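*Asks:* Residues per chain, in single letters:
Number of protein chains: 2
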Amino acid sequence: MNFSKGTASQTLSHVIDESKEEELFAAVCAHAKQTAVLASVESLLGWDERTKMPVMAGTYRAEQIAMQATLVHRQRTDQAHGERLAALAESKLAKVGSSQTRATIQLLQKDYEKQLRLPSRLVEAIAKACVEAQQAWAVAREESSWPMLQPWLEKVFALKREQAACQLPDRDPYDALMDDFEPGARWSVVAQRFERLRAQIVPLVRECVDSPQRPSDAVLKRNFPIAAQKQFVHDVAAGIGFDFKRGRIDTTDHPFCSTMGPDDCRITTRWDADFLPTALFGILHEAGHGLYEQGLSREWFGLPPGEAASLGIHESQSRLWENMVGRSPAFWEWCFPLAQRAFPKALANITAAEVQRALLAVQPSLIRVEADEVTYNLHVMLRFDLERAVVQGGLAVADLPAAWNERFAKDFGIQPQSDAEGVLQDIHWSGGLIGYFPTYTLGNIFAAQLMAEATRQLPDLDQQLASGRFSDLLGWLHQHVHSQGRLLESEPLVEQISGHPVSETWLVESLRRRYGPAHGLAAG
Amino acid sequence: MNFSKGTASQTLSHVIDESKEEELFAAVCAHAKQTAVLASVESLLGWDERTKMPVMAGTYRAEQIAMQATLVHRQRTDQAHGERLAALAESKLAKVGSSQTRATIQLLQKDYEKQLRLPSRLVEAIAKACVEAQQAWAVAREESSWPMLQPWLEKVFALKREQAACQLPDRDPYDALMDDFEPGARWSVVAQRFERLRAQIVPLVRECVDSPQRPSDAVLKRNFPIAAQKQFVHDVAAGIGFDFKRGRIDTTDHPFCSTMGPDDCRITTRWDADFLPTALFGILHEAGHGLYEQGLSREWFGLPPGEAASLGIHESQSRLWENMVGRSPAFWEWCFPLAQRAFPKALANITAAEVQRALLAVQPSLIRVEADEVTYNLHVMLRFDLERAVVQGGLAVADLPAAWNERFAKDFGIQPQSDAEGVLQDIHWSGGLIGYFPTYTLGNIFAAQLMAEATRQLPDLDQQLASGRFSDLLGWLHQHVHSQGRLLESEPLVEQISGHPVSETWLVESLRRRYGPAHGLAAG
Numbered sequence: 001m002n003f004s005k006g007t008a009s010q011t012l013s014h015v016i017d018e019s020k021e022e023e024l025f026a027a028v029c030a031h032a033k034q035t036a037v038l039a040s041v042e043s044l045l046g047w048d049e050r051t052k053m054p055v056m057a058g059t060y061r062a063e064q065i066a067m068q069a070t071l072v073h074r075q076r077t078d079q080a081h082g083e084r085l086a087a088l089a090e091s092k093l094a095k096v097g098s099s100q101t102r103a104t105i106q107l108l109q110k111d112y113e114k115q116l117r118l119p120s121r122l123v124e125a126i127a128k129a130c131v132e133a134q135q136a137w138a139v140a141r142e143e144s145s146w147p148m149l150q151p152w153l154e155k156v157f158a159l160k161r162e163q164a165a166c167q168l169p170d171r172d173p174y175d176a177l178m179d180d181f182e183p184g185a186r187w188s189v190v191a192q193r194f195e196r197l198r199a200q201i202v203p204l205v206r207e208c209v210d211s212p213q214r215p216s217d218a219v220l221k222r223n224f225p226i227a228a229q230k231q232f233v234h235d236v237a238a239g240i241g242f243d244f245k246r247g248r249i250d251t252t253d254h255p256f257c258s259t260m261g262p263d264d265c266r267i268t269t270r271w272d273a274d275f276l277p278t279a280l281f282g283i284l285h286e287a288g289h290g291l292y293e294q295g296l297s298r299e300w301f302g303l304p305p306g307e308a309a310s311l312g313i314h315e316s317q318s319r320l321w322e323n324m325v326g327r328s329p330a331f332w333e334w335c336f337p338l339a340q341r342a343f344p345k346a347l348a349n350i351t352a353a354e355v356q357r358a359l360l361a362v363q364p365s366l367i368r369v370e371a372d373e374v375t376y377n378l379h380v381m382l383r384f385d386l387e388r389a390v391v392q393g394g395l396a397v398a399d400l401p402a403a404w405n406e407r408f409a410k411d412f413g414i415q416p417q418s419d420a421e422g423v424l425q426d427i428h429w430s431g432g433l434i435g436y437f438p439t440y441t442l443g444n445i446f447a448a449q450l451m452a453e454a455t456r457q458l459p460d461l462d463q464q465l466a467s468g469r470f471s472d473l474l475g476w477l478h479q480h481v482h483s484q485g486r487l488l489e490s491e492p493l494v495e496q497i498s499g500h501p502v503s504e505t506w507l508v509e510s511l512r513r514r515y516g517p518a519h520g521l522a523a524g
Numbered sequence: 001m002n003f004s005k006g007t008a009s010q011t012l013s014h015v016i017d018e019s020k021e022e023e024l025f026a027a028v029c030a031h032a033k034q035t036a037v038l039a040s041v042e043s044l045l046g047w048d049e050r051t052k053m054p055v056m057a058g059t060y061r062a063e064q065i066a067m068q069a070t071l072v073h074r075q076r077t078d079q080a081h082g083e084r085l086a087a088l089a090e091s092k093l094a095k096v097g098s099s100q101t102r103a104t105i106q107l108l109q110k111d112y113e114k115q116l117r118l119p120s121r122l123v124e125a126i127a128k129a130c131v132e133a134q135q136a137w138a139v140a141r142e143e144s145s146w147p148m149l150q151p152w153l154e155k156v157f158a159l160k161r162e163q164a165a166c167q168l169p170d171r172d173p174y175d176a177l178m179d180d181f182e183p184g185a186r187w188s189v190v191a192q193r194f195e196r197l198r199a200q201i202v203p204l205v206r207e208c209v210d211s212p213q214r215p216s217d218a219v220l221k222r223n224f225p226i227a228a229q230k231q232f233v234h235d236v237a238a239g240i241g242f243d244f245k246r247g248r249i250d251t252t253d254h255p256f257c258s259t260m261g262p263d264d265c266r267i268t269t270r271w272d273a274d275f276l277p278t279a280l281f282g283i284l285h286e287a288g289h290g291l292y293e294q295g296l297s298r299e300w301f302g303l304p305p306g307e308a309a310s311l312g313i314h315e316s317q318s319r320l321w322e323n324m325v326g327r328s329p330a331f332w333e334w335c336f337p338l339a340q341r342a343f344p345k346a347l348a349n350i351t352a353a354e355v356q357r358a359l360l361a362v363q364p365s366l367i368r369v370e371a372d373e374v375t376y377n378l379h380v381m382l383r384f385d386l387e388r389a390v391v392q393g394g395l396a397v398a399d400l401p402a403a404w405n406e407r408f409a410k411d412f413g414i415q416p417q418s419d420a421e422g423v424l425q426d427i428h429w430s431g432g433l434i435g436y437f438p439t440y441t442l443g444n445i446f447a448a449q450l451m452a453e454a455t456r457q458l459p460d461l462d463q464q465l466a467s468g469r470f471s472d473l474l475g476w477l478h479q480h481v482h483s484q485g486r487l488l489e490s491e492p493l494v495e496q497i498s499g500h501p502v503s504e505t506w507l508v509e510s511l512r513r514r515y516g517p518a519h520g521l522a523a524g
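One line per chain: the protein sequences are W and G, in this order. The working numbering applies: residue 1 is where the first sequence begins, and numbers increase by one. The working numbering applies: residue 1 is where the second sequence begins, and numbers increase by one.
Check each hint, because a few of them may be wrong.
As the list makes no split between identical chains, a pair holds if one copy fits it or if it spans any two.
With a straight-line cut-off of 35 Å between C-alpha atoms, the simulated DSBU-like cross-links for lysine-lysine are [unchecked claim]:
hint, residue 1, residue 2
1, K155, K110
2, K20, K345
3, K114, K128
4, K110, K92
5, K345, K114
6, K92, K33
7, K92, K230
8, K128, K52
9, K345, K33
10, K114, K33
11, K52, K33
12, K245, K128
Source of the hints: derived by calculation from the structure; they are not laboratory data. As the structure is a computational prediction, the values presented were derived from the model and not from experiment.
Next up, chain W with everything else stripped away, as it sits in the complex (with noise of 0.2 Å):
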């Protein structure tokens, strides 16, 4: 009798335990998506901002943007939330739930500690000063005037610096930024992976520009009225599976993908009348990352099982979509034909092999957003080195107009005539984006990787794409990236899906395969 009481005790407590567990998880999930609630709404001021906003708002937006700002920073600083993750990080639910239990317990738990580390003096210095840096940013590009700036740089590499002493202090302080937008990334290693990358594009860059086969892409440079390319984008997004009872296309200056929940994904482009590509890849591009955002779990809104592993591979899924697959003859087999309904005076008499050949020029230009798929890592790759010097205590900031131009000198073989043309194009640094650049690149290097196994396992994609057919591809996508969340950083998911570390070797395959015959290079 006593014994089984023992027993019955014994058991009872174990199970209230387990529900005591459960209770907690359940808890801080809820936190987490309120939290997500906040930060949605503040999705939209600031998607609101950048699309639809009457032009005298902005100071009052700014407001806006900084309360909800608040709200969200003081909402996942919050005491017992973070007790709450202290006990399940000590539960058994952390070794022997599901992964998606295990990773949200050990990912939020990272994601408080790290909030909590940034002292909130420290986060409103930054806002404050980035606000001010980035109005300085616009004025001296303006007036291409890098004195005007330089402060402000000065004064944000310095307070990113104490961000990362602050929030990973046994890192290295560039690996610390770059942990906000690439989880896990080291340095060492993207440096490494970069240098041999930019080893082979730099000759492939100067094998397409010395080609006497190059292509033009004059056709692209014609009359396509806008109302016509925006019905066409719409199309073209909604036949790759851009769900548009989920999401819209607004206009904007620069284009951006936006998401203010789960059925809620928002993507944006500008437009060109006299030069189709403008408006055409930027839907495709920020389609690919709607498509991503779209295929993130629904149940898992808000939490980590239902985040985007990081902003490389998010760029994976744009830069497929809009470079191995919407460069590609197949897709234009399946486009071309939309296109000309679409446009019937600029591409009469046109073939859908020329206006995708015109696709393919490789020329090296001042301007990163106006680059080329080839030449568009060199400016990240000079980026990503010249930041991390900075941050590491290798340069001043005072030198990096200087170091730029030697740089772009010696990847390009020209020279910005003026620093509006060259340090002073992005917004990047003014806005406290540090770390941020290598992910484009990196983005590149995963899309090219994933691309290849895709295309190992689908053998007959092309003439899927060549007929319009994307759901296979995008359910692959779906099944291996969309659906695994935030489980795993992205070098290890990648070499997961693929079977192989991460390596720059499919990029350079893959653009050598693509770019060379089209500029009558030999193969090999």
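Given chain W's structure and the hints, the job is docking chain G onto it.
*Replies:* Same frame as chain W, but now just chain G:
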């Protein structure tokens, strides 16, 4: 020495008190302005839901709005805010401050106490019941099934009665509910005025309908391409003074005007390619609301001196531009050439006078939102009498359909064939907007009384309107209405401006003067 020391100390303590009062006042203002920021974000969520949101995003949007509403309610009932207001109420500032300061203290305290007397249990119960009742309403109207809605309306009316008893226990329950929309209004005064109005409108409608010389609206029922309508109504709104640097126009199902900041007022309309007035008068109406919002004090945004006086005054501004201006011969002298340029086919071989006369067709009909200016008030007064009888206990919810049909036959000479065209047509009751309907007709009464005074003070107003100069009228409204904010309740405000107590006389006179000749009725 002692004496003079004592004086110095007394003076100092007086100075400290005054500076302490100013500090308290600054704190309550800052708090109210923060509330306004939170509430403006809620407005953006609502605007976006009704104009841009993807169809499947509704469930999450409800969560976003509910969370933002909770934040607003928490902020509004903040105890420290209440204590500061209580201290200020006893202060010298509340007695000898500027009229703005005194109104701010008094009205913020009134708002705070009304909010505080509402238990959060009841706030939640009403919010939940109204969401569910509105969903039930949508189905019930679709299927024209009163029994589907009745239990929900019973619940909503019961909860609203409870709200009235909590918030203003000393007032008649219907007066308490009206106070949310028309502060200080009394049903007994409104009912007497409405009865006098009804006694004159019912025979006017009969005369119009029986006249052998009725205007036809056939010229407005042609093809007006939507793209041209969009440009046209934009130009008309800009023409009367709506500032597009501080606002915009979007498409929606049920037109509204919404403000998201001191420089961000957005109006909406719907489009009918075969009937021009739908969009045009939608925009004239909403732009009238918008001009009021854009005319409120930017400096006092979020505080009573920068808030609208009441919904009735708001409606007076929309109705004044929509009806008193927008249906006048002078306005069409200016507007018709614009319209002809926008719709050259539809308006070929037609004159301004023909269009303007077509806009004055009186025709009793079943649906309020499609009613002409004269019969519109009969729709409103019917709802006022019925909802008041339910709130005051003289009518059971179950008896609403029969009461509706009986009264409708009496006032309009026709009867709905189904409840969908009758008692089920409006969303207001399901949405908890009880005590709201009378503000529509109060707005018409205020508009006529204000327009009579404006016409007296601006003797060449007709010539101005005919030449597209709206700035004098707008300036007059700004000076007398917009810039007054919420300092006076609606009736004292209209009396102060016009020099006469509020009366339906001016509305009756205006309708007879404008609609009589168009229907060939004898003068007087």
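*Asks:* Take the hints in turn and mark each one as holding or not.
*Replies:* Against the structure, the hints come out as follows:
For the homomeric pair K155 and K110, the shortest alpha-carbon distance inside one copy (27 Å) is at most 35 Å, but the shortest distance between copies (47 Å) is not. Taking the shortest Cα distances, K20 and K345 never come within 35 Å of each other, neither inside one copy (69 Å) nor across copies (74 Å). Taking the shortest Cα distances, K114 and K128 sit within 35 Å of each other inside one copy (20 Å), while across copies they are farther apart (37 Å). In this assembly of identical chains, the alpha carbons of K110 and K92 lie at most 35 Å apart only when taken from the same copy (18 Å versus 53 Å across copies).
In this homomeric assembly, K345 and K114 never come within 35 Å of each other (Cα to Cα): the closest approach is 56 Å inside a single copy and 66 Å across copies. For a Cα distance limit of 35 Å, the shortest separation of K92 from K33 inside one copy, 23 Å, qualifies, whereas the shortest one across copies, 48 Å, does not. Taking the shortest Cα distances, K92 and K230 never come within 35 Å of each other, neither inside one copy (54 Å) nor across copies (62 Å). Taking the shortest alpha-carbon separations for K128 and K52, both the intra-copy value of 24 Å and the inter-copy value of 31 Å come in at or below 35 Å.
With identical chains, the CA atoms of K345 and K33 are never at most 35 Å apart, being 51 Å at best within one copy and 55 Å at best between copies. For the identical chains of this complex, K114 and K33 are neighbours both inside a copy (18 Å) and across copies (32 Å), given an alpha-carbon limit of 35 Å. Taking identical chains as interchangeable, the C-alpha atoms of K52 and K33 lie at most 35 Å apart whether they share a chain (27 Å) or sit on different chains (24 Å). Proximity of K245 and K128 under a CA criterion of 35 Å is satisfied inter-copy only: 26 Å between copies versus 37 Å inside one chain copy.
Checked against the numbered hints listed earlier, the structure breaks hints 2, 5, 7, 9; every other hint is satisfied.
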